[in-house]
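**Student:** Protein chains in written order, with this note's numbering: chain A, 1 to 290; chain B, 1001 to 1161.
For the record, the hints were derived by calculation from the structure and aren't laboratory data. A hint or two may mislead.
To be verified - Pairwise CB distance ranges, derived in the manner of DEER restraints:
#  : chain 1 : residue 1 : chain 2 : residue 2 : range
1  : B       : Asp1157   : A       : Ser235    : 39 to 47 Å
2  : A       : Asp269    : B       : Thr1135   : 30 to 38 Å
3  : B       : Tyr1030   : A       : Tyr149    : 19 to 27 Å
4  : B       : Arg1132   : A       : Ala263    : 48 to 56 Å
5  : B       : Ala1111   : A       : Ala127    : 38 to 46 Å
6  : B       : Pro1153   : A       : Val284    : 33 to 41 Å
7  : A       : Val284    : B       : Val1027   : 51 to 59 Å
8  : A       : Phe179    : B       : His1052   : 23 to 31 Å
9  : B       : Asp1157   : A       : Ala167    : 47 to 55 Å
10 : A       : Ala263    : B       : Thr1135   : 17 to 25 Å
Values in this document were obtained by computation on a predicted structure and should not be read as measured data. Glycine residues also receive a C-beta, built at the ideal position from the N, C-alpha and C atoms.
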Amino acid sequence: MAFLRSTLLAAAALASLSPQAAFAKPLRYGGKLLLTNGIGSLEGSSGGGLTPWAVIAGNETQEGIGVSAHGTIVELKDYDYRSAGIAVGWRDRIELSYAHQAFDTNRIGLALGLGRDYTFSQDVIGAKLRLAGDIVYDSLPAIAVGAQYKKNNNSAVVRALGAKHDAGVDVYASVSRLFLSRSILLSATARLTKANQLGLLGFGGDRREDYSLQFEGSAAWQLSRRLAIGGEFRSKPDNLGIAREDDWVDAFAAYAINRHVTATLAYADLGSVATVKGQRGLLVQLQTAF
Amino acid sequence: MSILFAFLLLQAAPDAPPYALPGEAKVDPYGVDPRNAGATPFPGDGMAKAFHGRDGIRRVVDSMVKAAYADPVIGEIFTGHDEVRLKRTLFEQFCFILNAGCAYSGRDMAAAHKDLGVRPADMNRLVELLQRAMTAETIDFQAQNRFLSKLAPMRHDVLQK
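Sequences and hints are given; from them, build the entire structure.
**Tutor:** Next up, the structure:
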């Protein structure tokens, strides 16, 4: 939690810095419609909970530099997951993000011979470019491409599990649109990845070493200016012989408490994780954005 | 009422469309055309009912325009512009699009917003003020968004080039 706190502090500090003087074109604050900046996904890029969207972090339009920070907790049947991250959105065009993920194996750690509460962790640095379109306006939906560099901090253990690498780069393309006439947001992402369980179990494996193409999607129904409910899907590679990996799904509710704070509650089914089946549980996230 | 006015004025001077009604500032001549509204009307009377008819639409427009002039963020865009005419033409436009039985007699969106310097954040702010006005009128949220879906494509013409 200390990490979470320091990230939030850093976000607040960044938000209080005035970039006004540094650019020729004047900057201004605020301007996105509520919820249209998405939330911080598990890997730190803004979007849904499980998958990025073609939106840029923060509340700023093309006239500003936005910042968001988030903390996510997932309490699964046998594991706990924590992540925290920060993202900067430049003129609603470019997003840079960082997230730290920690995956606590609790009692399963003992069974795996790693020791109780053995924790896998990883750092993810992301970059995203919105190429065209807009999530609400214009004829084209928002279209973005992005990359996530992931560095696992448990090199020896993930290699012992069969992973080929302790670092990897995911690349993805996303298309997102809020269809106002139906109050429905749809987002789809195609991702090339070698990551095992996001990379927390390393990259590549005995079953497959190469990149594979995965699909991710979110559908949300906006019930009010502040509240949206929906579901997500994320297909996953299955590279490790000893630890089967399943596709992920969740059902979520996201609520904009105010212009700067969004709370998300989700029920996620992550299937088999690190040799143990039926990993379901609650995802809770708080995001602050400026 | 506006139809009646338009009719009377057309009768009086068929060569001069009612660019400005009594009580409004003078406006340079322009071609009156329903396409100036920037969107086609909804079919049927469902949306007009959802907005509580012309009375409801008028309350929404009046409350949004009042809030816009007083707004600390976008108020200065409106300062110096004819509030009476804006309320009338905006009412006509909303009423026309919502198929509540009005004709739109105003300018097209590009001409109406020329040199106003509207930025994306300004437009989003106005959308929020409209959402507040619609919520105050207890208009169903799905109907609010359906209406916004007609306005959203106008952004290209509204924003400063």
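**Student:** Run every hint past the structure and note whether it holds.
**Tutor:** Against the structure, the hints come out as follows:
no. : hint                             : verdict
1   : B/Asp1157 / A/Ser235: 39 to 47 Å : holds (41 Å)
2   : A/Asp269 / B/Thr1135: 30 to 38 Å : holds (35 Å)
3   : B/Tyr1030 / A/Tyr149: 19 to 27 Å : violated (55 Å)
4   : B/Arg1132 / A/Ala263: 48 to 56 Å : violated (22 Å)
5   : B/Ala1111 / A/Ala127: 38 to 46 Å : holds (41 Å)
6   : B/Pro1153 / A/Val284: 33 to 41 Å : holds (37 Å)
7   : A/Val284 / B/Val1027: 51 to 59 Å : holds (55 Å)
8   : A/Phe179 / B/His1052: 23 to 31 Å : holds (25 Å)
9   : B/Asp1157 / A/Ala167: 47 to 55 Å : holds (48 Å)
10  : A/Ala263 / B/Thr1135: 17 to 25 Å : holds (21 Å)
The structure does not agree with the numbered hints 3, 4 stated previously, though it agrees with the rest.
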